[in-house]
Amino acid sequence: QLQLQESGPGLVKPSETLSLTCTVSGGSISSSSYYWGWIRQPPGKGLEWIGSIYYSGSTYYNPSLKSRVTISVDTSKNQFSLKLSSVTAADTAVYYCARHPRGAAAFDIWGQGTMVTVSS
Amino acid sequence: QSALTQPASVSGSPGQSITISCTGTSSDVGSYNLVSWYQQHPGKAPKLMIYEVSKRPSGVSNRFSGSKSGNTASLTISGLQAEDEADYYCCSYAGSSTDYVFGTGTKVTVL
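In the order they appear, the protein sequences are chains A and B.
511 is the number of the first residue of the first sequence in my numbering; add one for each residue after it.
33 is the number of the first residue of the second sequence in my numbering; add one for each residue after it.
So here's chain A without its partners, still in its complex pose (with noise of 0.2 Å):
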């Protein structure tokens, strides 16, 4: 079944650049049915959407950090990328790939989530 694996440094320094991969495995990225997604939680808070993509490169973000985050994909290796800039301490989170079917506005598979810690 598809599966969706987050990668990427687990200790980034302030006010560098946090950037983080996740690989789809046992389905195609490239589905027209789905949009692929980034949603991040802080240790002991809620949940917050980043931001999502299409397989044509098409994003749409989150209007609280639109100025940092770069959303990518790259179809050949089946894979989505985040990149968001300039983080602070408030950008430590356990960071979540997720696939959301289009029009349905729900996060139907995730993956296991990955801690991002900013600090010096």
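In case anyone wonders, no lab produced these hints; they're calculated from the structure.
It cannot be assumed that every hint is accurate.
[As the list claims (entries may be wrong)] Cut-off 27 Å, straight-line C-alpha distance, at most; resulting in silico cross-link-like pairs (BS3-like, lysine-lysine):
{"id": "1", "chain 1": "A", "residue 1": "Lys555", "chain 2": "B", "residue 2": "Lys76"}
{"id": "2", "chain 1": "A", "residue 1": "Lys593", "chain 2": "A", "residue 2": "Lys576"}
{"id": "3", "chain 1": "A", "residue 1": "Lys587", "chain 2": "B", "residue 2": "Lys139"}
[Said to hold, decoys possible] Chain B regions said to be covered by chain A (calculated; three or more residues, Cβ under 8 Å):
{"id": "4", "stretch": "120–129"}
{"id": "5", "stretch": "132–143"}
By construction, the Cβ of each residue, glycine as well, lies at the ideal position given by its N, Cα and C atoms.
Fit chain B to the given chain A structure using the hints.
Frame of chain A, contents of chain B only:
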């Protein structure tokens, strides 16, 4: 865009029914039938339990049901079981400028 409001905690005894509310505004919950609910056990990724207000994904127990009235959505768990003890989050579509907003989360305790 502010987070949707959920009660911090709800509890119930095994076999009972509990309801978790999720209050938004006329810009999100009130405008779209695109509310979803997620269950999250400690240290685990969220799991989709309800989508489009009241639809259950394949494999989700029919003890979980969703509804909406005005700006408030609700998740009801009937026949409460020990395994239902977890955090629950709602999520709503909020239009093309904001897209998705999550709730503050509710800790469900089975007494």
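Hints, verified against the model:
1. A:Lys555 - B:Lys76: 14 Å, holds
2. A:Lys593 - A:Lys576: 11 Å, holds
3. A:Lys587 - B:Lys139: 38 Å, violated
4. 120–129: Answer holds; 6 residues pass the 8 Å Cβ test.
5. 132–143: holds (count 6)
Hint violations for this structure: number 3 only, all remaining hints satisfied.
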